[in-house]
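Q: Sequence:
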Amino acid sequence: MELNVSTASQGGHAVVTATGELDLYTAPRLQAALAGLLRDRVDHITVDMSGVEFCDSTGMNVLLSAMKRLKEHGGSLELAGPRPAVKRILQVTGLDSVFTVTEAAPAMDAG
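All letters in the sequence shown, in the order written, are residues 1 to 111 by UniProt numbering.
Take the hints with a grain of salt, since some may be wrong.
[Claimed, not checked] Each pair of labels, with its calculated beta carbon distance range:
{"id": "1", "residue 1": "71", "residue 2": "50", "range": "21 to 27 angstroms"}
{"id": "2", "residue 1": "107", "residue 2": "20", "range": "27 to 33 angstroms"}
{"id": "3", "residue 1": "64", "residue 2": "20", "range": "16 to 22 angstroms"}
{"id": "4", "residue 1": "88", "residue 2": "12", "range": "28 to 34 angstroms"}
{"id": "5", "residue 1": "20", "residue 2": "74", "range": "14 to 20 angstroms"}
{"id": "6", "residue 1": "74", "residue 2": "35", "range": "15 to 21 angstroms"}
{"id": "7", "residue 1": "73", "residue 2": "53", "range": "29 to 35 angstroms"}
{"id": "8", "residue 1": "104", "residue 2": "20", "range": "14 to 20 angstroms"}
{"id": "9", "residue 1": "43", "residue 2": "107", "range": "14 to 20 angstroms"}
{"id": "10", "residue 1": "54", "residue 2": "100", "range": "20 to 26 angstroms"}
{"id": "11", "residue 1": "6", "residue 2": "102", "range": "17 to 23 angstroms"}
{"id": "12", "residue 1": "25", "residue 2": "107", "range": "26 to 32 angstroms"}
In case anyone wonders, no lab produced these hints; they're calculated from the structure. Quick caveat, the model's predicted, so the values are computed rather than measured. Where is the CB? At the ideal position from N, CA and C, for every residue including glycine.
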């Protein structure tokens with residue numbers, strides 16, 4: 001299974017939409033998108049997880065690393081709309097109390 005990643009940004013906020021499976025093989029694609037936003041000094045990133053069917057520890061580590069780097073500069077990262085399987089991983093690992101999790105990503109023009 002592939003992972004497709006797209007980004008839309010507006011001001012200092014970006015929405016990264018991921019669809020597919022986030023695992024050891026596909027995580028570098030998400031990591032590259034997040035690293036690009038960090039380089040561009042985006043303050044707030046929402047990762048739309050509503051299309052992610054599976055996420056392993058590698059995927060979680062990519063998200064944690066990006067959140068840590070954003071927080072170091074006063075920014076934030078949130079996860080939007082995770083499916084039940086991803087929600088379960090967040091709960092089992094305790095990461096549901098680390099990440100801000102919202103029901104849906106904000107509407108934003110692709111850019």
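Q: Next step is simple, just say for each hint if it's right about the structure.
A: Now for the hints, and whether the structure bears them out:
Remark: the range hint 21 to 27 angstroms for residue 71 to residue 50 is upheld by a beta-carbon distance near 24 angstroms. Restraint check, residue 107 to residue 20: a C-beta distance of roughly 22 angstroms breaks the suggested window 27 to 33 angstroms. Checking the proposed 16 to 22 angstroms range against residue 64 and residue 20 shows it holds: the Cβ atoms sit about 20 angstroms from each other. The supplied range of 28 to 34 angstroms is met by residue 88 and residue 12, whose beta-carbon atoms lie about 32 angstroms from each other.
Taken as a hint, the range 14 to 20 angstroms is violated for the pair residue 20 and residue 74, whose Cβ atoms sit roughly 31 angstroms apart. The hint said 15 to 21 angstroms for the Cβ distance between residue 74 and residue 35, and at roughly 18 angstroms that hint holds. Between residue 73 and residue 53 the CB atoms are about 31 angstroms apart, so this pair conforms to the stated range of 29 to 35 angstroms. Between residue 104 and residue 20 the beta carbons are some 19 angstroms apart, a value that agrees with the proposed interval 14 to 20 angstroms.
Distance hint check for residue 43 and residue 107: the Cβ-Cβ separation is about 18 angstroms, which falls inside the suggested range of 14 to 20 angstroms. In this structure the hint that residue 54 and residue 100 lie 20 to 26 angstroms apart at CB holds, the actual value being about 22 angstroms. At roughly 18 angstroms, the beta-carbon separation of residue 6 and residue 102 lies within the given 17 to 23 angstroms, and the hint holds. For residue 25 and residue 107, the Cβ-Cβ distance of about 31 angstroms falls inside the hinted range of 26 to 32 angstroms, so the restraint holds.
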